[in-house]
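Undergrad: Spelled out, the chains give:
Number of protein chains: 2
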Amino acid sequence: MHVRFFVYIVCVFLVPALIADEGMWVFNNLPKKYLKDKYGFEVTDDWASRVMKSSVRFNSGGSGSFITATGLVLTNHHVAADTLQKLSTPEHNYLRDGFLAKSHEEELKAPDLELNQLVSTLDVTDRVNAAVKPGMSAEQAVKARRAAIAEIEKESLQQTGLRSDVITLYQGGQYHLYRYKKYTDVRVVFAPEADIAFFGGDPDNFEYPRYDLDMTIMRVYEDGKPAKLEHYLRWSTTGAGEDELIFVSGNPGRTSRLFTTAALEFLRDVQVPYLLNWLQRQEIFLQGYSSKGDEQARRAKDELFYIQNSRKVYIGRMQGLQDRKLMSAKQKAEYDLRAKVTTDPKLKEYAAAWDQVLKSLEEHKKLFKRRQLLDVGRGFNSRYFTIARHLVRMADEDLKPNAERLPEYRESNRETLEQELFSTAPIYEDLEQVKLSVSLSLLVEQLGDKHALVQNALLGKDPWARAAELIEGTSLRDPQVRKLLAKGGKKAIDQSYDGMILLAKSVDTASRAIRKQHEEKVVEIERQAYAQIANAIFATKGISTYPDATFTLRLSFGQVKGYAEKGKWITPWTTLGGAFEHETAHGAKEPWKLPKSWHDAKGKLDLKLPFNFVSTADIIGGNSGSPVINKKGELVGLIFDGNIYSLTADYFYSDEISRAVSVHSAGMLEALRKVYGAEALAKELEN
Amino acid sequence: MHVRFFVYIVCVFLVPALIADEGMWVFNNLPKKYLKDKYGFEVTDDWASRVMKSSVRFNSGGSGSFITATGLVLTNHHVAADTLQKLSTPEHNYLRDGFLAKSHEEELKAPDLELNQLVSTLDVTDRVNAAVKPGMSAEQAVKARRAAIAEIEKESLQQTGLRSDVITLYQGGQYHLYRYKKYTDVRVVFAPEADIAFFGGDPDNFEYPRYDLDMTIMRVYEDGKPAKLEHYLRWSTTGAGEDELIFVSGNPGRTSRLFTTAALEFLRDVQVPYLLNWLQRQEIFLQGYSSKGDEQARRAKDELFYIQNSRKVYIGRMQGLQDRKLMSAKQKAEYDLRAKVTTDPKLKEYAAAWDQVLKSLEEHKKLFKRRQLLDVGRGFNSRYFTIARHLVRMADEDLKPNAERLPEYRESNRETLEQELFSTAPIYEDLEQVKLSVSLSLLVEQLGDKHALVQNALLGKDPWARAAELIEGTSLRDPQVRKLLAKGGKKAIDQSYDGMILLAKSVDTASRAIRKQHEEKVVEIERQAYAQIANAIFATKGISTYPDATFTLRLSFGQVKGYAEKGKWITPWTTLGGAFEHETAHGAKEPWKLPKSWHDAKGKLDLKLPFNFVSTADIIGGNSGSPVINKKGELVGLIFDGNIYSLTADYFYSDEISRAVSVHSAGMLEALRKVYGAEALAKELEN
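Chains A and B, in that order, are what the protein sequence lines are.
At position 495 of the first sequence the residue is numbered 1117 (the working numbering), and the sequence of numbers has no breaks.
At position 456 of the second sequence the residue is numbered 1078 (the working numbering), and the sequence of numbers has no breaks.
The reader is advised that the hints may include incorrect statements.
Identical chains blur together in the list; that is why a pair holds if it fits in one copy or across any two.
Straight-line distance between alpha carbons at most 20 Å, and here's what the computed EDC-like set of lysine to aspartate or glutamate pairs gives [as the list claims (entries may be wrong)]:
#	residue 1	residue 2
1	Lys-987	Glu-956
2	Lys-1022	Glu-1037
3	Lys-923	Asp-824
4	Lys-776	Glu-1033
5	Lys-991	Asp-891
6	Lys-658	Asp-1100
7	Lys-1072	Asp-891
8	Lys-954	Asp-1071
9	Lys-1215	Asp-916
10	Lys-1254	Glu-664
11	Lys-914	Glu-829
12	Lys-988	Asp-891
13	Lys-1211	Asp-719
14	Lys-708	Asp-734
15	Lys-765	Glu-1142
16	Lys-1224	Glu-1026
Treat the hints as calculated values from the structure; they're not laboratory data.
Because the structure is a prediction, the values reported are computed rather than measured.
Same shape as in the complex, but just chain A (with noise of 0.2 Å):
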């Protein structure tokens, strides 16, 4: 059988109804009669809200579920990652070498993470669109849009206690209000040694067949005791069937699908293209540092995988943005769609929106550097500097109304960003002075040598030795120095001799303007044009469809099933036993040397067993650690990795060849019993 690439695309909004299982959903609006027709499943809200609540969402970057009334939460160990990392010394390196707590007291507490249960949604765009008057300028509407949103942020802080976000949904067609219940003290059960989580290595990431345990269990507690868990999902120990239809919650990070050709070609030209310079650069530099010895690889191991995982995604969306097939197909619907705006005389107020993001996409190329260098900080890449400016900017924001503050430091948000900011978390330095003298020379290298911003940060000295001086003076080493000048506030800050705390004021103002443009010329603008772009969609297609995705809980579903790969049939399953012909098929070489651990159980272990799987499921980045969960709303599965074809589903959904690839429920409970010996978590995962 021959399939060529993406022969068969699909663009949700392009079409007139769904034809493919696309699409990631908001839990308010699931394609309940799509699921009927098609698969003849019947999704109940107590269904709905079971998965909900068994979700949780990881401030680290990724998804995880609730997979036992006793608090067990389960997720990648990718995605813990920087949980292990935080908690690894030199003695004790549990990111490569994995962790097992024979009871409840060696669970390791995570020095900063936050897990995130979403309990309720509503919608309140009404109430943030009212606060927008017509004829109000950019900057008028960016700050009673905000000032509403704060407000209803607030209030239900206040009602109910919960994290409260308001959510920008369909680029701005909707706001929805999010609440969450926050789990802040999270402790680390089980992790699998690096080796066998990320089998493979950078070769083998985003490609399938694959032979991953990238699984982390970690465990919730509230008042010093494990959380009892009202929802949770339970473990399935057999898994999903072939073309059985599975479902994936979890939180898909950002997709660009609602984009117009126009916003593609600023990725593709533009924006792509810097941010893997970037990663290129930070790969070199950080491999350079992971060279030097073992210590100095154990210090950067999670921050170069983010690197190299994010390079390898970044490729593979240049390749579909660089694909004039995909880029055509975009192209065409889009006509189709303004054809229709102009043509019919109710939808003739949604026309100007295309020109409209063309004119924001002008305004970002002129901002775009500088906006990366300063206000996204890459000309300053250093814990201690994003410490430093925080703390600047809570002193500045803390003097204003809470309705007039930036995002970050209202209320709502206030014990996030603390428990971000007061972070016991190693910081090495000799890693913080080459990422910093990296970044600093790039500043230098952009903004040019003669700027004055330039000159104020490296106060005539080369990057190299402004970066160890900085690192070196910084007392922010030290989280008690933080909370102190947190507390002190602007008097705090404005009479700091450290060095880093200068730096962040002396880049402030310009940093602040640049944000500020930033949102009235391109965010604003945007939001606008693409609600009204939404609009049009709804009006031509129903609302029917599902928003670009914002790393915020989302349902997608597919089937489990293989795919043709170069003339070859890919089945959907491997089995535990072809993890050891994969070592083998690489001369056991690193990265496909399999731990100790896997050789010493090899005999006890069923090698006919699934490990990995792949599905349909519509994923992206973010969705790492989601559940697979079958119609019984059991768990068959983890999500992990997608196949290199997913790479382009930022902007373009397939399902010829595209897949999600997970780690298979029965895999995951083999290997803790026999491999690590953990009978007892294997229980507790069973009841």
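Position chain B against the provided structure of chain A, taking the given hints into account.
TA: Okay, now just chain B, sitting in the frame of chain A:
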């Protein structure tokens, strides 16, 4: 003792007299007085001629020396790597495993290596300059100069039968005719394992202390027999002592020390960032390709080394260019010179030169990216494309009179070009696909998807599919096809359906146009301006200076000398025993794993013998493989690297902590005998 980075900076044209062991001197203008005054050493014509004729240049981009009357040539392993790579197969990985010929019959013939021995030099400045008449346009000047040079070269070739190149010195201040004896039958006699040749790998590259046996021995043949050499360097079995005066005779590739501050800013802000991004991208993709398996790693080995080495060099250069102390010292010296020029009526005619450079830089900025992509060929990075373009251009150029051709297609260069073009060295299609697709993607990224040239190059396909089609479809893999096309000339090219030939043709008009603009608006303007700046320097400081490096033979000198780094004194030598300690200190992990041969021989080795050493000689890339010579004209070492502080030597010279790194003659001999059992070869060297 505390020494700070580059406190002590010397730039030759900025100082009234030579006050340091600086300079890459041409053999017909050696700093004889300085050497006499400082070291009491008299450079005789005989000594200089012997050293000159004992030196060779490698067309693969390095230096070497004749070391016996029996045709033996010494160079670096990393200079020979290009040849070792081309000779290697999956069965015989000479680049990784090394090689030792037991007899002349076993010596391995390089597929396309050319060595050049400089035989004589002649100042032809007046004749070249006379061709350019006052009032000529830039276009006319380029043409007239090119014709004069072509005529001189052709005349010389006909008269002497020697390779004859007119070299541009002082960026256009002088023109010299260099005559070379060519050796094209070159065979590999000995190479060590890559693990000891490049012990410490990328992390140790450009660092010191080092423990590398970065050597390879070849033999030149004439008429199928080992060449009988009149001039060669005798091997010193003891090497040089501390503070001893030593010389380095080799071919430094390129320096930019005459550059104006504005030209250095162009490098800092435009050229070096662009090249760094390019190198980092190549490195990531070549790493990705290499990680797929041992055979892929073997195929990409030499290219990946080259890329990583260049990346480290450019990062070092960037550090120098972003150092305000260095730049402001440069600027101050420039102000001083310009002040003199403006106030001295005799020099007034030179005053406009700096603005002329500025003008050329403005033009360069406009052309830069397109030139890199099209003319330099970064948009079409494949050996097949290079071959195709040569064939296409050769066919066109051969229709013109010799004097009007692009330099590389002149008769005087034909033999050299054909050796490259018809080389039987293997080309790996999968590797070429990676390189070509990455560069086609870059082409789309940087010229834009809608550029006519991009559309012609891609034919509606994405870069990955198009690269695959081009590489799979070309018949240029067969050297016989290349010969047929070359022989068939314009007609054969016009009739060819080969996709790669068609691609080369489709971009050639644009590519040639860019080259022409670059030559007329940048190179020619700079040539004239720098000739004036050089004249201003000659007028104020005498001609006792040296021209920027041009990958032609130069003599540097200095002393064997340690240096202080971060408060610690680094002694000039390391020992053979130190290699074992260095291995242990790094846990004997890659790239700090000594070959088995070294462990086997450890008991026999005199571990106290010197292995590597540093000196203050002024060297740069291209000097790799240069002999280090004592006053008696004996070989005491083999240049293979510079320390990290030497990387700014492209622009600035310092002998405070910048050092050249060499393999010691005694260490090489000991390794040959005790590790490799090459007793016969060692005896041949000692005679």
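Undergrad: Would you mind marking each hint as holding or not holding in the structure?
TA: Hint check results:
Taking CA atoms no more than 20 Å apart as the test, Lys-987 paired with Glu-956 passes in neither setting, with 22 Å inside one copy and 37 Å between copies. Taking identical chains as interchangeable, the C-alpha atoms of Lys-1022 and Glu-1037 lie at most 20 Å apart only when both belong to the same chain, with a minimum of 18 Å there against 78 Å between chains. With identical chains, the CA atoms of Lys-923 and Asp-824 are at most 20 Å apart both within one copy (13 Å) and between copies (19 Å). Only within a single protomer do Lys-776 and Glu-1033 lie at most 20 Å apart by alpha-carbon distance; the minimum there is 7 Å, versus 82 Å between protomers.
Taking identical chains as interchangeable, the C-alpha atoms of Lys-991 and Asp-891 lie at most 20 Å apart whether they share a chain (13 Å) or sit on different chains (15 Å). Proximity of Lys-658 and Asp-1100 under a CA criterion of 20 Å is satisfied in neither setting, with 57 Å inside one chain copy and 61 Å between copies. In this assembly of identical chains, the alpha carbons of Lys-1072 and Asp-891 lie at most 20 Å apart only when taken from different copies (11 Å versus 27 Å within one copy). Taking the closest pair of Cα atoms, Lys-954 and Asp-1071 come within 20 Å of each other only across two copies (17 Å); inside a single copy the shortest separation is 45 Å, beyond that limit.
For a Cα distance limit of 20 Å, the shortest separation of Lys-1215 from Asp-916 qualifies both inside one copy, at 18 Å, and across copies, at 15 Å. Proximity of Lys-1254 and Glu-664 under a CA criterion of 20 Å is satisfied intra-copy only: 11 Å inside one chain copy versus 94 Å between copies. Taking the shortest Cα distances, Lys-914 and Glu-829 sit within 20 Å of each other only across copies (12 Å), while inside one copy they are farther apart (29 Å). Taking the closest pair of Cα atoms, Lys-988 and Asp-891 come within 20 Å of each other both inside a single copy (13 Å) and across two copies (19 Å).
In this homomeric assembly, Lys-1211 and Asp-719 come within 20 Å of each other (Cα to Cα) both inside a single copy, at 17 Å, and across copies, at 19 Å. Taking CA atoms no more than 20 Å apart as the test, Lys-708 paired with Asp-734 passes inside one copy only; the shortest distance there is 9 Å, against 54 Å between copies. Taking identical chains as interchangeable, the C-alpha atoms of Lys-765 and Glu-1142 lie at most 20 Å apart only when both belong to the same chain, with a minimum of 10 Å there against 55 Å between chains. Neither within a single protomer nor between protomers do Lys-1224 and Glu-1026 lie at most 20 Å apart by alpha-carbon distance, with minima of 61 Å and 73 Å respectively.
In terms of the numbered hints stated before, the structure departs from hints 1, 6 and 16, listed from lowest to highest.
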